[in-house]
Amino acid sequence: MHYSALSLVKQALTGNRGWTRAWRNPEPRKQYDVIIIGGGGHGLATAYYLAKLHGITNVAVLEKGYIGGGNTGRNTTIVRSNYMLNANSQFYEHSMKLWEGLSQDLNYNVMFSQRGVLNLFHTDAQRDAAARRGNAMRLNGVDAVMHDLDGVRKLMPHLDFSKNTRFPILGGLAQPRGGTARHDAVAWGYARGADRLGVDIIQKCEVTAIKRDGDKVLGVETSRGFIGAGQVGVAVAGNSSRLFDMVGMKLPIESHVLQAFVTEGIKPLVDTVCTFGAGHFYISQSDKGGLVFGGDIDGWNTYAQRGNLPTFNHVVAGGVTMMPCLARLRVLRQWGGVMDMSMDGTPIIGKTPINNLYLNGGWCYGGFKATPASGWVFAHTIAHDKPHKLNADFTLERFREGGMLDEKGVGASPKSH
Amino acid sequence: MLRIECPWCGVRNEDEFSYGGDATVERPADDASQDDWYHYAYTRDNPAGPHREYWHHVNGCRAWIVVERDTVTHEVFSTAPASPNLPAGNREG
Chain Y
0 MHYSALSLVK
10 QALTGNRGWT
20 RAWRNPEPRK
30 QYDVIIIGGG
40 GHGLATAYYL
50 AKLHGITNVA
60 VLEKGYIGGG
70 NTGRNTTIVR
80 SNYMLNANSQ
90 FYEHSMKLWE
100 GLSQDLNYNV
110 MFSQRGVLNL
120 FHTDAQRDAA
130 ARRGNAMRLN
140 GVDAVMHDLD
150 GVRKLMPHLD
160 FSKNTRFPIL
170 GGLAQPRGGT
180 ARHDAVAWGY
190 ARGADRLGVD
200 IIQKCEVTAI
210 KRDGDKVLGV
220 ETSRGFIGAG
230 QVGVAVAGNS
240 SRLFDMVGMK
250 LPIESHVLQA
260 FVTEGIKPLV
270 DTVCTFGAGH
280 FYISQSDKGG
290 LVFGGDIDGW
300 NTYAQRGNLP
310 TFNHVVAGGV
320 TMMPCLARLR
330 VLRQWGGVMD
340 MSMDGTPIIG
350 KTPINNLYLN
360 GGWCYGGFKA
370 TPASGWVFAH
380 TIAHDKPHKL
390 NADFTLERFR
400 EGGMLDEKGV
410 GASPKSH
Chain U
0 MLRIECPWCG
10 VRNEDEFSYG
20 GDATVERPAD
30 DASQDDWYHY
40 AYTRDNPAGP
50 HREYWHHVNG
60 CRAWIVVERD
70 TVTHEVFSTA
80 PASPNLPAGN
90 REG
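Protein sequence lines correspond, in order, to chains Y and U. Position one of the first sequence corresponds to residue 0 (numbering that gives the first Met the number 0), numbered consecutively onward. Position one of the second sequence corresponds to residue 0 (numbering that gives the first Met the number 0), numbered consecutively onward.
Pulled out of the complex, with its shape left as it was, chain Y reads as follows (with noise of 0.2 Å):
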């Protein structure tokens, strides 16, 4: 059923009782042509595209609880492009482009809302630094814009801006347009949209091993019985490394756990997304009015989603010296994903060793932005057996060839990225 104005008419006059399933709930078939594993935005973004844009509906994404019940529905909703390394910068903003057109192209409003993203910096080299990221984006075709004092004022004006605290603002780089999605309408969209072209989105059917011939994939045995691929695409970030032990293979990847947090619903307070430039702190508000924030993941090795008491404390000690009026306020909620933390800090998209497996994963916490360009990607990837130009350096292989993507510099250290 399309969605449009004369839809919602139609269905308000009779009832609302002639709504329809938003997508089907199929049985697994015997064979598809290509199988990706992981129900979250990517997998179903993946599987959108391959239908969409190359012509290969004979697709099931199997996911092991409910889609988008992982990472997709436990980030903070952040959508942006402010990226410094050519590769990063140039798919980021292909994701923020798709991400422009989304709502239309999936006819599902996913509630995407270009409020802005502002980073502040407190310290004369951190101004160099954003100025230097700026350049980089504008010569990229990003927007990219420095604020002083008073363009932070008029962004933000509830932040601490005393001479006396121990990090005074100086300014911020803001992307005028970067901002929030709503997440979960962008899972739903994006299944919504592939199973109407044909894909199978088989929930409750958790992978339990792969079946391989020597270099070649056959297919996974589920929860639901043996189901044969022709091509198989992981994008089950989190689990990466648990699905590639499938298939004896090791991933430079350490599984972390980030939170998120909640406040209670206010009236609008913070008009923008903006991040503390002296620790790490990032905050904005849903539309339902409660302030959504976060900080540093836990750093340490953990499967289990949830966080723990030290880092919540941290992160709200960064939230209130940036913000005090925050301190008022009651946490209502607060929740954990598991992230794939890469060894650069940088996404993997592309082949494997094994010809007809490919791998979506090492998203960091930087993954739900990513959801649109990652599945287009992907797709084309496993479409072409090749990666896209986009993704062509977030290859596995960069760790073993020197080809690192660190954008924040800080090396082979997964919890510092």
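Certain hints may be false.
Unchecked claim - Cβ-to-Cβ under 7 Å is the rule here; a few derived chain Y residues that face chain U:
1. S254
2. G298
3. W299
4. N300
5. T301
6. Y302
7. A303
8. N307
9. P309
To be verified - Covered by chain Y, per the in silico footprint, the following chain U stretches (three or more residues, Cβ under 8 Å):
10. 7-21
11. 42-49
12. 69-75
To be verified - FRET-style restraints, in silico, Cβ to Cβ:
13. U:E67 x Y:G410: 22 to 32 Å
14. U:N84 x Y:D286: 51 to 61 Å
15. Y:R327 x U:N84: 47 to 57 Å
16. Y:R327 x U:E67: 36 to 46 Å
17. Y:F225 x U:L85: 48 to 58 Å
18. Y:R131 x U:D30: 35 to 45 Å
No wet-lab data here; the hints were simulated from the structure. Just so we're clear, the structure is a prediction, and the values are computed from it rather than from any experiment. Every residue, glycine too, gets a C-beta built ideally from N, C-alpha and C.
For chain Y, the structure is supplied; the task is to place chain U on it using the hints.
For chain U alone, coordinates are given in the frame of chain Y:
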């Protein structure tokens, strides 16, 4: 909050420690193959379950220790000095 038993200082809160990563990774010989060096520098087992890992008691006695911990339940099974060259701890804090 993890509670980690330092062999010298006793049971302490997680925030006295800094994480050092997988303790099963061994540095290859200087003339080892590029493949060995690649795995040493970059790849990790990253298991869901028991994991041997380094922790640095940086805000305590500053010794490195090896902790065996479950990455799903967070249960700490054992702790020991990271190097056999260190004197045995008395585990009294």
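Item to complete: Check each numbered hint against the structure and report the violated ones by number, ascending.
Response: none
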